[in-house]
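Protein chains: 2
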Amino acid sequence: MNIFLDRTHGEPLYLQIRNQIRQLILCGSLPPGYRLPSERGLAGLLGVNRSTVTGAYQELEADGLVESRVGRGTTVKPQAGGKEGGDPAGRPLVWKHLFSRQCNRVTSPLISDIFEWLNADGVISFAAGVPSADRQPAREFACLYGELLSRRRNILEHSPTAGYWPLREYIADHMAQRGVRTGPENVVIVAGSQQGLDLIARVLLEPGDVVVVEEPSYLGAIGVFRAAGVRLLGVPVDEEGMRVDLLERLLERYRPKLIYTLPTFQNPSGVTMSRERRLALMQTAYRHQVPVLEDDAYSELYYDGIRPPLLKSLDPGDQVIYLSTFSKILFPGLRVGWVVAPAEVTRQLVLAKQLVDLHTNTPAQVALAEFCRRKLLAGHLTGVRKEYAQRRDAMLGALIESAPPGLAWNRPQGGYYVWCSLPPVVTATRLLAATSERKVVFLPGDAFFAGSGGSGFIRLSFSACDEETIRKGVAVIGEVLGELCRRSANEEKEKRGGADLMPLT
Amino acid sequence: MNIFLDRTHGEPLYLQIRNQIRQLILCGSLPPGYRLPSERGLAGLLGVNRSTVTGAYQELEADGLVESRVGRGTTVKPQAGGKEGGDPAGRPLVWKHLFSRQCNRVTSPLISDIFEWLNADGVISFAAGVPSADRQPAREFACLYGELLSRRRNILEHSPTAGYWPLREYIADHMAQRGVRTGPENVVIVAGSQQGLDLIARVLLEPGDVVVVEEPSYLGAIGVFRAAGVRLLGVPVDEEGMRVDLLERLLERYRPKLIYTLPTFQNPSGVTMSRERRLALMQTAYRHQVPVLEDDAYSELYYDGIRPPLLKSLDPGDQVIYLSTFSKILFPGLRVGWVVAPAEVTRQLVLAKQLVDLHTNTPAQVALAEFCRRKLLAGHLTGVRKEYAQRRDAMLGALIESAPPGLAWNRPQGGYYVWCSLPPVVTATRLLAATSERKVVFLPGDAFFAGSGGSGFIRLSFSACDEETIRKGVAVIGEVLGELCRRSANEEKEKRGGADLMPLT
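Quick mapping for you: the protein sequence lines, in order, are chains A and B.
Okay, so the first sequence: first residue is 1 according to the numbering used here, each after it adds one.
Okay, so the second sequence: first residue is 1 according to the numbering used here, each after it adds one.
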C-alpha cells in the first residue's frame with residue numbers, strides 16, 4: 001500500500017491518507033477483506049502521529065469503506081453496486097430554498113430590462129446610456145473586423161486572461177498621454193466596465209464591508225455592491241462633484257473599504273468634480289488609507305473644450321483603481337473595458353478573471369487594438385463630440401422651452417446625461433408611467449440612489465436620439481409634467497376646499 | 001421642509017428621514033442656524049414614532065450636520081469647505097491587507113498560464129484542451145462575420161442579458177433533438193461555460209456549503225467552487241464514470257447543495273458514464289433532492305459512433321442544470337456557452353449576469369446563430385470527429401509503442417483527453433519538469449483533484465496536434481518516463497545496497 005503525503009499541500013494529512021486509501025479500495029487495489037496496517041504501524045511508516053492515522057481510519061469507516069473489529073484490526077468491506085429503482089419524478093425540487101443569499105440582494109431586473117427595451121418600436125428613449133447607433137463608425141469597423149478575421153489565424157482562439165497584449169499596450173500609452181504613469185502590465189482587459197466593477201468587488205469586498213458611493217451614483221455599481229452584501233454610504237454630489245468635505249467624518253466613523261466615484265460627467269448627474277475637490281479627495285483618501293475606484297466611462301466625451309484631469313493622474317501614491325470602457329465611445333456590444341491598477345491588484349484581478357470567464361472575447365480585442373492603432377478612434381471622437389454637444393444643446397433648449405415651473409436641471413459639460421429635479425408634487429415613477437403612455441421613456445432617479453431619496457429626480461440621456469427626436473420627447477415630458485402638476489394642485493385645493501365645506505351635522 | 005416616506009422601500013424610516021434632511025441641508029435649502037421641527041412635532045407630521053425621528057436626528061448630529069442644545073432644539077450647523085493640504089504621498093497603502101477572503105482561496109494562476117503558453121514556439125503541447133486551429137472553419141466563419149457586420153445595424157450594439165434570441169432558439173431546438181424538453185426561455189447565453197459555472201455558483205452556493213465533484217474533475221470548476229468557499233467532496237470515477245454507489249452515503253451524511261458531473265468524455269479522464277449509472281445518479285439525486293450540474297462540453301465529439309444520452313434528457317423532474325459551450329466544437333476565443341435550466345433558475349442567472357457583464361459579446365452571438373442556422377456546424381462536426389478520432393488513435397498507438405512498464409491509460413470514446421496513471425515511483429510534476437526541458441508539455445493530474453491524490457496521473461490532450469506531432473511528443477514522454485523509472489530503481493538499489501554495506505565501526 002503506497003501512500004504519498006504532500007506536506008506543502010493545504011489538505012490535512014489525515015485526509016490525504018483517507019483519500020488515497022479510499023482510492024486504492026475503490027480501484028480494487030485493496031480487495032474486500034484486505035487488512036489495513038495497524039494504526040501505529042502506518043503512523044510509523046509515514047512519520048505521522050498515530051492520531052492522524054486514527055482520524056483517517058475513522059473517516060473511512062464512516063464512509064462505509066472499512067470496518068474495525070477488536071482483535072481483527074481494520075479490514076476493507078465489500079462494496080455494493082449502485083442501487084437502482086425508485087421513482088425518478090418524486091417530489092419536485094423547491095429551487096427557491098436552494099438559492100444563495102446573493103439572490104435576495106439581487107432582485108431588480110432593471111438593467112436587463114433596459115436592454116430589452118432598446119429595440120422597442122416607436123418609443124423615444126432617453127433611458128439607456130448608449131452611443132448613437134447612426135453616428136458609429138460601423139462600416140469602417142466592419143471592414144477592419146472582416147479583414148482581420150480573414151488574415152489573422154489566432155483571432156478566434158484563446159487569448160491571455162489579462163488581455164490581448166497590443167491592446168494593453170495601446171491603453172497604457174493612451175493613459176500616459178493623460179498623465180497616468182503606467183505600463184501594459186498594469187492594464188487588465190475586462191468584459192466591459194461592468195465586469196471591472198464586479199471583479200474589483202470580488203477582490204476587495206466582503207459582506208458587511210462599507211463602501212462610499214456618490215449620491216446619486218451609477219446603478220450598475222450600486223447593484224454590484226449590493227450583491228456583494230456591503231453597506232453603502234452615500235455622499236451627496238453638488239455642482240462641483242462629491243462633497244469631499246463630508247467624507248472625512250465618514251471615513252473616521254465607518255472605516256470604509258473603498259470610495260467609488262465617477263468624477264467626470266457623472267452618470268447620472270452629469271456633474272464634473274472640480275480640480276480642487278479631486279485634490280482634496282486624494283488627500284483625504286491618502287490620510288485614511290482608503291482605495292479610490294475612479295469610474296471613467298465618459299471623460300473623452302467633453303463638449304466645452306475642457307477635459308478635467310483624471311483622478312488617477314493626481315495619484316502619486318498609486319491608490320486609485322481606474323476603470324474605463326469602449327462602450328460609450330465606440331461599441332457597447334463588444335463588451336470591452338479596462339482596469340488600470342497597481343501590480344498587486346491587477347494580479348488578483350487576473351486570478352479572479354480566469355475563473356469568471358477565462359478571458360475576454362478575442363476578436364473584439366484584436367479589432368479594437370487595430371482600430372486604435374490606425375488612429376481611427378481619435379477621428380471618430382472628434383466627430384461624436386461635435387454631434388453630442390449639439391444633442392445636449394437641443395435637450396437643454398427644449399427643456400427651457402417646455403419645462404413647467406418647478407423642474408430644474410443642470411448643464412453637463414460632457415457625457416450623456418441631463419439630470420432633472422422634479423417639482424415636489426410629482427414623483428419620477430408617476431411621471432414615467434404617464435409619459436410612457438405617450439411613448440417617451442427615461443430612467444427615474446430612484447435607481448441611482450443606494451437608499452431612498454431618488455424619487456424627485458429623472459435622468460435624461462441625450463446621446464442616442466437626433467435633435468428632432470430630442471425636442472419631441474422633451475416636449476412630451478414637459479406637457480405631461482405640467483398636466484400632473486396642475487392636477488395635483490387641483491386635488492390639493494379640493495381637499496382644502498372640502499375641509500372648509502365640511503357638513504355641520 | 002418636505003419629507004416623503006416610502007414604506008414599501010426596504011430602507012428604515014429613520015434613515016429615509018435622515019437622508020432627506022441631509023440632502024436639504026447640503027443643497028442649502030436648510031441654511032445654517034435653521035431650526036429643525038421638534039422631534040415630537042415631526043413625528044406627528046410624518047405619522048411615525050417619536051423614536052424614529054430621534055434616531056434620524058442622532059445620525060445627523062453624528063454626521064456633523066446639526067447640533068442639539070437643551071432649550072434651543074436642533075439646528076443646522078455651518079458647513080465647512082473641503083480641507084486641503086497634507087501630503088498626497090504619505091504611507092503607501094498595503095493592498096494585501098485589503099484583499100477579500102476569496103483572494104486566499106484563488107491563488108493558482110494555472111488557467112491563465114495555460115493561455116500564455118498556447119503561443120510558445122517550438123513546444124509540443126498536450127496541455128490545453130483546445131480545438132485544432134488548423135481544422136477550424138475559420139475562413140467560412142470570417143466571411144459570414146464580415147457579411148453580418150456590414151449588413152446588420154445592431155450587431156455591435158447591446159443585446160439582451162439572457163442572450164441573442166435566435167441563438168437561444170437554435171439551442172432550444174438542438175437540445176430538443178437530443179431529447180431535452182425545453183424552450184428558448186430556458187436557455188441563457190453565457191460567456192463560455194466557465195462563466196456558466198461561476199454564475200451557477202453565485203446563485204446556489206454559500207461559503208461552507210458542500211458540493212460533490214468527481215475525482216478527477218474539471219480544474220476550472222474546482223477553482224470556481226474553491227473561490228466560492230464551499231467544501232468539496234470527491235467521488236471517484238471508474239471506467240463507467242462517477243461511482244454513484246458511493247453517493248448515497250455522502251448525500252445522507254453531508255447533505256450537499258450540488259452534484260457536479262461531466263458525464264460524457266470527461267475532462268480530464270476521458271471516461272463516459274454508463275447509461276445505468278446515469279439513471280442511478282438521477283434516482284439518487286431525486287431521492288435526496290440535490291440538483292445536478294451536467295457539464296457537457298464534449299458530447300458532440302464522439303468517435304466510435306456512440307453518443308450517450310444527456311443526463312438532462314433523463315430528467316423528467318427538471319433537477320439538472322445543463323451547461324455547454326461552443327469553445328470545444330468551434331472557436332474558444334468567442335467565449336460563448338449556454339445554460340439550460342428550469343425557469344426559476346434561469347431567472348436568477350439573468351439577474352446575476354446583468355451585474356457581471358450586462359450581456360455576452362453581441363457579434364459573436366449573432367455570427368454563431370447564423371453559422372448554425374445555415375447548418376454549417378453539422379458539416380464541421382462530421383469533419384472534426386473523423387480528424388480527432390485519428391488523433392486519438394495516433395496517441396493510443398504511440399503510447400503502446402513507447403510507454404515504459406507501469407504506465408497505464410484508457411481509451412476515450414470521444415472528447416480531447418487520454419488520462420494516464422504513472423508508475424508509483426514518478427510524480428506528474430517531476431515528469432513534467434523533465435519533459436518540458438525537451439519541449440513537451442501536458443497537465444499534471446494534481447490540478448484535477450479537489451484534494452491531494454492527483455500526482456500519479458497526467459492528462460494528455462490530443463485535439464490540437466497533428467498525428468506526426470502526437471507521435472513525437474508521446475515518444476519523448478515515454479523516453480523521459482523510462483529514464484526516470486530506471487533512475488529511481490537505481491537509487492532504491494543503492495540505498496538498499498548502502499544499508500547492507502553499512503560500516504561496522
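No lab work stands behind these hints, which were simulated from the structure alone.
Keep in mind that the hints are not guaranteed to be accurate.
The list treats identical chains as one, so a pair stands whether inside a single copy or across any two.
DMTMM-like cross-link-like pairs, simulated, lysine to aspartate or glutamate; straight-line CA separation at most 20 Å [stated by the list, open to error]:
id, residue 1, residue 2
1, 257, 63
2, 77, 238
3, 257, 209
4, 439, 206
These numbers were taken from a predicted model, which means no experiment stands behind them.
For each hint, the structure was consulted:
no.	hint	in the structure
1	257 to 63	between (44 Å within a copy, 19 Å between copies)
2	77 to 238	between (74 Å within a copy, 18 Å between copies)
3	257 to 209	within (6 Å within a copy, 27 Å between copies)
4	439 to 206	neither (42 Å within a copy, 43 Å between copies)
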